[in-house]
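**Q** Listed below, chain by chain, are the residues.
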Amino acid sequence: MDDTLDEAATRAADDFETLFALQFGRLARLVRRVVSDTAEAEDLAADVLWKCFRKRPEAINLEGWLSRVAIRAALDSIRRKARRSRYESFWPLGTRVAKPDELLERDRDGERVRQVLAAIKPQFATLLVLRTEGLDYRELASALGVKPGSVGTLLARAESSFRKEFERRHGSQ
Amino acid sequence: MALNETTPTWAHDRIAATDAPADWRPDAGAALERLTARRDRRRRRVRIAWQAVTAVVVVVALLASAPSVKLAAGRAWEVLFARDVSVLRVDIDRLPAAVRQALQANVNTDGLDAQSVASLDEASHRSGFTVRTVPSTLLPEAPKVSVISPLSAELTLRVDDLARAAQSVGVAADVVINPHWDGARLRVETSPFVLSEYGSTMLAQGRPLTIAMPPGFDMPAFVELAMRLLGYDAAQASALSQRVAAAPVMFLGVPPNAKVRVSEVSIGSQMGTLMRDADEGSLTLIWSTSDRLYVLTGPIDEQLALSVASTLE
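If you read the sequences in order, they're chains A and B.
79 is the number that my numbering gives to position 79 of the first sequence; each next residue is one higher, with no gaps.
To get my numbering, take the position in the second sequence, counting from 1, and add 1000.
Extracted from the complex, chain B is given alone in its bound form (with noise of 0.2 Å):
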């Protein structure tokens, strides 16, 4: 039987009892404040986020390899694991528009809304590995959980990008441009990353970056190119190429400008880097182990960071 415009239904008697309380006036601007907050807790994941997928916009440019950890993966590609990380003063959007288009990677931003899950089991079964915690005397809270899903960054190199970027921050003279890099593909691609947070401070943790390169692709000549097309002079271009030889690094990009004191902490037998940041008053923990890149992030002081991560080593 189909209901009329006028039917009285019993339904509707019992729905009857969910009016608000007459005295109940909605509040706009707690819940705008609110909202905000929560925006901000949000930009603030996609922000590390971003930072764990590395300064890839300024590409991959900035990744280098030692053949010690390539592993072969087809005939098409190189696969190295990226697990160090190296700061970098970048200012990305200062950058000459012959540079940024000349390692600008094509960045698949997807996953990079968080999914909250219900338990850690959900949280491992999504992301593929045993998520880890934190132990509740150190971080008491109950951490809420989510997970972001894999990102990626893709660059083909241009031989005429690359020379006309050299040539607008005037280094054209001073760089090497191997001619078989013309339409090379790099490509940096992050396993899952589970997001606990513990209150306002907040553990991310994934697999270390993989890096995939045509074979035989020399990326520490490539390093030593793109330093030089980011501001570094020779030495520093040619130190950082070194030392991203002699292993897989990942670099983060900060500006200038910013706040930011970065040093570099022994965590056990690994090293960590840990970025204070003077205007948020928030701390920033970076370290990886054989199986898993953290970042710990929050307004906690260094001894308790390094007591997070020496727990999870």
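With the rest of the complex left out, here is chain A (with noise of 0.2 Å):
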């Protein structure tokens, strides 16, 4: 995430088309870290796109503020899924019968990660996803809004906090 790129990706935010042309890939593939469905993950991506063309976000960084919210915003969508999924297990005759990718994607590694990662603290999970994309630390804080000094202790406490929750729901690997 250069500046130079994150220049024109503030540019872009006055023309939607350049904006999505820019950011679409990027934040889709950021997306899919946290949902599994890849379509999903370019509609979540979209959205957000469309929402910050709208909004006109006054953030110094875009890409990170675009970042940011593509994250929060796929970690809503499978907190939603897990209480749509909560409420149908009550009712056993509107139970939605899983596709069958969904059953593959359970038995996956992924899909224990997305768990993992929609039950720990948002900021936590945005600053490892971000991590896993390769951000270093001074991106990281700019990204999350926070001081780059604290971006180390941040970082412990979020796998700290992920390998927690992680070892709670699926025992130490």
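If you're looking for bench data, these hints aren't it; they were derived computationally from the structure.
These numbers come from a predicted model, not from an experiment.
It is possible that some hints are incorrect.
[To be verified] Now the in silico label distances, taken between C-beta atoms and shown as ranges:
1. B:1130 with A:109: 42 to 50 Å
2. B:1019 with A:171: 22 to 30 Å
3. B:1118 with A:168: 44 to 52 Å
4. A:81 with B:1028: 21 to 29 Å
5. B:1214 with A:147: 54 to 62 Å
6. B:1116 with A:121: 19 to 27 Å
7. B:1118 with A:160: 30 to 38 Å
8. B:1101 with A:150: 33 to 41 Å
9. B:1299 with A:160: 28 to 36 Å
10. B:1200 with A:79: 21 to 29 Å
11. A:169 with B:1261: 56 to 64 Å
12. A:18 with B:1030: 17 to 25 Å
13. A:147 with B:1130: 49 to 57 Å
14. A:171 with B:1028: 38 to 46 Å
[What the hints assert, rightly or not] Residues from chain A shown here face chain B by an in silico Cβ test under 7 Å; the list is partial:
15. 24
16. 32
17. 76
18. 110
19. 113
20. 128
Just so you know, even glycine gets a beta-carbon here, dropped at the ideal spot from N, CA and C.
Need the complex rebuilt from these two chains, each delivered in its own frame; the hints are there to steer you.
**A** So this is what it looks like as structure tokens:
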């Protein structure tokens, strides 16, 4: 995430198609880390870009803002689904039958990770996902709106929270 | 322990399992098309909400009262409820500036963003009334439910503005502008509205609109004036004024060139207003019961619309 790209993104915020062309692929891939369905990842990324275009956030780091909002939107989405599954489980007749690809997905490590990301603090989940995307400390600080000096400590807490929740759900591996 | 830039992490190794498939390329074109479709659906919802609030931009001018249904609401206001609907052919955009200024209400649209809710119970809780649903034998899809917050519009009358408006449309010599109207505030409010989307067909429901005005305000006379300002001739304005004097009416503004056919239909003991939009191939039915105002809209035929309405009486 270099400054030149971000400057371009900031200028593009005035032109939705340009903003979309510049940012859509990156955001969709980022969101895909949190939601397993690729079409849903694309839709969430598109929604976030539209929101950005409409609201014109006064963020210094527009790419960081987009990343943070996109991950939050994805986390909200899987939380909504988890809530819905819980409601449905109370009413057997209304239970939705999982599609074959969902059944496969449930067995994969990725799904376990997503459940854990949705369960921990959104700031921690956002930090961990962006770190996995390769952002350095300066970029993480900018994206999350925190001081660069606090990123290491925040990451350590996020790591700990993630591991604790993962092991609580899935045992130590 | 703070991590440094190069610390390999346990979480990082796990999260790497969420890497996208190597052959996946996000489809920007398809995503943009779906986004456009979602925005269009949202625009339809907003348009319906505007209709439900009435053509209030053309203002409270379009609302009338009947003494029998006025309720005392303290010293400052009289309140009445609008259940009947009438459609006016009005092109708001083409009205003279002086008319728009005289009849321009201050509309609070903060609530227009529909909020999705997880269940009908939540919708009932948020709206304050028990949400009614359409039997699955008529609309089989499970509804997506959302709630629009209350909306309001308020107009403060200015006699000078009304006089200028009358001059601008050449009716100054024909109309009466009561000097006591100066400063009078007229206010229209909606309850929360619950939107239930059954695929592309949507049912909106809320309580009847509330109209508040100063005690003793001569709404029929004001409606007659407003109709003249909106371009109706003296006979039409008088007829509309008399009609609305019999019962509070919610007016919907439809542009004169819109290919919309409007008719009145019977729904049990009530009358409803049916609008067929030839451009969009859709149908809108508006009707009310003693405690509810309904708007049903979508690509459905008249028979299905009436069947739905009859189950919600």
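**Q** Is it true that the C-beta distance of residue 1118 (chain B) to residue 168 (chain A) lies inside 44 to 52 Å, as the hint says?
**A** At 26 Å between Cβs, range violated.
**Q** Looking only at beta-carbon atoms, does the pair residue 1130 (chain B), residue 109 (chain A) fall within the given range of 42 to 50 Å?
**A** holds, 46 Å
**Q** Assuming the hint says 38 to 46 Å, is it satisfied by the Cβ distance from residue 171 (chain A) to residue 1028 (chain B) or not?
**A** The hinted range 38 to 46 Å holds for residue 171 (chain A) and residue 1028 (chain B), with Cβ atoms some 40 Å apart.
**Q** Is 22 to 30 Å a correct range for the gap between the Cβ atoms of residue 1019 (chain B) and residue 171 (chain A)?
**A** Holds - the Cβ-Cβ distance for residue 1019 (chain B) and residue 171 (chain A), about 23 Å, lies within 22 to 30 Å.
**Q** I want to verify a distance hint. Is the separation of the beta carbons of residue 147 (chain A) and residue 1130 (chain B) within 49 to 57 Å?
**A** Given a distance of about 51 Å, which is inside 49 to 57 Å, the answer is holds.
**Q** Is the hint on residue 128 (chain A) kept, meaning its closest Cβ partner in chain B is under 7 Å away?
**A** With Cβ-Cβ at 5 Å, under 7 Å, it holds.
**Q** Verify the interface restraint on residue 32 (chain A): the C-beta must sit less than 7 Å from at least one C-beta of chain B.
**A** For residue 32 (chain A), the interface hint holds, since the closest Cβ of chain B sits about 5 Å away, which is under 7 Å.
**Q** Note whether the CB distance of residue 18 (chain A) and residue 1030 (chain B) lies within 17 to 25 Å or breaks it.
**A** holds, 19 Å
**Q** Kindly confirm whether 21 to 29 Å is satisfied by the beta carbon distance between residue 1200 (chain B) and residue 79 (chain A).
**A** holds, 28 Å
**Q** Okay, residue 169 (chain A) versus residue 1261 (chain B) on CB: inside 56 to 64 Å?
**A** Since the Cβ atoms of residue 169 (chain A) and residue 1261 (chain B) sit about 59 Å apart, the hinted range of 56 to 64 Å holds.
**Q** Holds or violated: the 19 to 27 Å window for the beta-carbon distance between residue 1116 (chain B) and residue 121 (chain A)?
**A** Since the Cβ atoms of residue 1116 (chain B) and residue 121 (chain A) sit about 24 Å apart, the hinted range of 19 to 27 Å holds.
**Q** Is 28 to 36 Å right for how far apart the beta carbons of residue 1299 (chain B) and residue 160 (chain A) are?
**A** violated, 54 Å
Of the numbered hints listed earlier, those contradicted by the structure are 3, 8, 9, 17.
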